[in-house]
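K.L.:
Since chain A is already given, all that's left is putting chain B on it; use the hints.
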Amino acid sequence: MRKEADNMERARYERCCMEDKRTGKKYSITLAYPKWRDTDGEASDKTYPAVLLTEGRSGGEDNLHDLEKNREVQTLTESGIAVICLWLPQNEWDISQEEADGIAGLMFRAADVFRERGIVDKSRIGVNGRGVIAGAMLKYADRLRTAVFQTPKVNLALSYGTGDRDSIRESGKTSMLDFLTERAEKSGIAHIDRVKIPILLCHGYRNTQCRFSQAEQLFIAMKDRNGEVPVRLLMFSRETASEYEEWKLSNQERYLREMRDWYCRYLKDGGEKDA
Amino acid sequence: MHRLQSFEQFCGADYYPEKDLLVWVSDKKGIQLKNLAAGEQRQVTARGRAEGSPAFSPDGNRLLFLSDKGSGRQIFVLDLNNGTTRQITHLFSGVAEPLWSPDGSRILFSAPEEAQTPQQDGDREREEEDGEVLVIEDFGYKFDGRGFIRPRGHMHLWCVNTEDGRVERITSGPFDYRHAVWSPDGTQIACVSGRYRSRENGLALDLLLIEAKANGGMKRLTEDQWAVSYPNPIRPVFTPDGSAVIAGFLQPVKEGDQTYPDVYLYEAALDGSGKKQLFFPDEKCFQCVQFPYNASCGRGMEKLQITEKGDVLFVAGWNGQCRLYRLKRDGNGKAFPLIFGKCSVNGISSVRDKKVLVAMSEPAVPEYYCVYDLETETLSQPVCQSAAELCREGLLCRSEDFFFDTADGDSRVHGWVMLPPKCGEKQKCPVILYIHGGPHPFYTYGFTLEHQIYAAAGFAVICCNPRGSSSYGRNHQCYEKAYDGRACEDILQFAEEAVKRFPCLDGERIGVTGGSYGGYMTNYIATHSHRFRAYVSQRSIVNELLSYSSSDLQGSSRAYEDFTEFMANKLKNSAVAYAERVEAPMLILHGENDYRCPTDGAYQWYAAIRDTHPNLPAKLMIYPDTAHEQPEDPKLLGDYYTQILVWFEEYLR
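If you read the sequences in order, they're chains A and B. Under this note's numbering, the first residue of the first sequence is numbered 1, with each subsequent residue one higher. Under this note's numbering, the first residue of the second sequence is numbered 1001, with each subsequent residue one higher.
No lab work stands behind these hints, which were simulated from the structure alone. Please note that a few of the clues may not be correct.
[To be verified] Restraint-style ranges between C-beta atoms, simulated for each label pair:
1) A:Ser171 / B:Lys1069: 53 to 63 Å
2) B:Lys1069 / A:Lys196: 25 to 35 Å
3) A:Lys196 / B:Ala1204: 38 to 48 Å
4) A:Thr174 / B:Pro1151: 47 to 57 Å
[Claimed, not checked] Within a straight-line C-alpha distance of at most 30 Å, the following computed DSSO-like cross-link-like pairs (lysine-lysine) qualify:
5) B:Lys1219 / B:Lys1276
6) A:Lys173 / A:Lys21
7) B:Lys1275 / B:Lys1342
8) A:Lys173 / B:Lys1428
9) B:Lys1213 / B:Lys1276
10) B:Lys1019 / B:Lys1069
11) B:Lys1428 / B:Lys1342
12) A:Lys139 / B:Lys1572
13) A:Lys196 / B:Lys1069
14) B:Lys1354 / B:Lys1284
15) B:Lys1500 / B:Lys1342
16) A:Lys186 / B:Lys1572
17) B:Lys1619 / B:Lys1635
18) B:Lys1142 / B:Lys1635
19) B:Lys1342 / B:Lys1029
20) A:Lys196 / B:Lys1572
21) A:Lys173 / B:Lys1619
22) A:Lys248 / A:Lys26
23) A:Lys248 / B:Lys1142
24) A:Lys35 / A:Lys46
25) B:Lys1334 / B:Lys1426
Just so it is clear, the structure is predicted and the values come from calculations on it, not from any experiment. The C-beta atom is built at its ideal place from N, Cα and C for all residues, glycine as well.
In isolation and in its complexed conformation, chain A is listed as follows (with noise of 0.2 Å):
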């Protein structure tokens, strides 16, 4: 009965808890790896390379259901990868730039636990970003190998008034440049000078939630300050939607293609996908 059950999951599956501290909000973390490890032909000790990605979900419950539909964590299992997915309590485009802070931080530590269980190679991490997710990676630019980001929020005194609904008249502050000179401050692109790794950039050119300008901020710095690393900017002319799974079909399967193609170019030596 395990055997049978076994042989219908498409991949294996590992859980753990992480708090952060300053919130005190705990986190759901499920690690998804190739299914074939301790099977025939694997060995048991083998590690893998991972991608850390967030899935939003009300309650923030990790649902193994949820995860065998994922299409990105699929893709790259299948392909040889591990995922860490750290379950959001809500929408990744309701969080806050501190607290995605907060998560880029604890997924590291996931992938500490999970390394520690020998499963995960942590010399190869790369990361799998939307929103301000993506920008809190940044700062983490030096720990990973490479980045792919889906709908990048990165500066958010762009994305003040063209996207964002923040009001300085919340904020407290009564001058305009402090307060865009404090969201650019605390944006992912303040780190861009530590971002030595490989990104490719993928966004809908009409999205109007978190506008194209967000990936090209991001693009145009890395070629402007690290021109000698390797970015791919994918514009996909006619999407709206922030979320790729709300694209047309033969979008999403170029997003999900050359997502797979570039972590396998840049977290699997010799860039050889598994069958």
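P.N.:
Relative to the frame of chain A, chain B by itself:
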């Protein structure tokens, strides 16, 4: 506003003196061909919707033109002797810039790389799908007015045989090749291209020499300076003996210096022996290129031509004038103005039989063409006048200009005042202060339809060339002065001078508007002065941090070690950072496809004003299918001007 939609504009012309034939393009009447001596005039058409770019063959027996009958604009040739018209090109993409070879057997033109690729079944769908995703890995991936540049969308040089229609592509690769010209013997082509440059600086272009055949050899003629293309392209010319090419060049921009460098004419030898500067600045001519903001003439015509003797003709700006100059081949580097004064010259045709057609306008006279005789140095009466009916009705307003010294004594500012009808001391009129874009362009003695519309509605329109504007010398043109507050002081001082000199202007009812840099300055004044009653900000720069990455003329942060410091500095220089200081009603107009001053800036500007002043009137209008300019569609343009008028009517009356 209905007069606006019927206002006729010219879009190019050519003249064949031996047969006294004139051909021109009217946006209302299409291509018109006229025998000036006999007075006969007719339309030339292939029954397309959009037709233009007419040019006489070297022997004057044929006329080529572009027509969009069929797929995209293709080349047609009209036989002037028997009246038959033939379609010469049948490509799958539209073509542009057709140019006869010296012997008339071929036509050079520009088209995308894929122009000759037929589409198979399913290709269109696949192309649409592939085209939905653009891969960007380098700078220079978009350009205002052109959009995002697809991999096979670069413009290349092609050649078609006029007899058998055989087409061959001359250039290839992920580069644009522009402003091409034939050598006198028809075996080579000179053009400008960034083929040998990195994409980081789109202004860096070289002069190339290419064999006029497929897979022909290519030679780079210049390297140390940049051939001029943006914003005022100068098509090179060959010397009559074919030994050299004359073109406009500017010095490469030094890091940190953003003043647009002077443009001078150089003669580059084809044998690689180098190039020499043709003239030096003197009191008659400062430099070669000009950025007239409102010359309103010369579209589709050239800025540089060469006579049969080898004298060079070019248009250039000087003290607010747009002049035609001649540089004699055997001269001593002195350029002499041929046409100057309170009029604008902004386009010249090829020189034939010692005559050249010139495109001109005046503040109260829309575009017209005259023939300049190089032998007698005389200018004919206008041979063709646009919007002739409007001119005959005598409703167009004149303007007066004056100079004044800046308060700090650094320079002089030149300005114009256009008074509406019935404006007098008993009936003072409200004022619209219009600031030009740039900052390097300059207002000139040209016809400005928009100003006429506002004057007809009862507003005085005043405009000036503050520091930063070109044609008045390097000191006045200094880029820093355009942004460090001195240009703003000039504009404020000009407003006071205008009110003082023209007592019929109501100094208490002044509104401010401008586009691009003019929009930036409108925003700047709104946040640094309480002098004016209302503002209209058009396609403006609002957030320099946004322009850094999202403008097609991207900036650089490399002068800063710390990116956070760079961001802080950019925000400090951005209008949006001072939104709380705006105290007068603000209308914001912007194009949806503006890649120069990104549209996001308009959203942010509007949001910031509403956020800081919930009760202050503010309005945002985004115009579809509009790049970094006012809308091209006449109906949209009518709405655009109406919005401005209604805004000023509301807050200045």
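K.L.:
Looking back at the hints listed earlier, which ones does the structure fail to meet?
P.N.:
Going through the list in order, the structure violates hints 2, 3, 7, 8, 13, 22 and 25 and respects the others.
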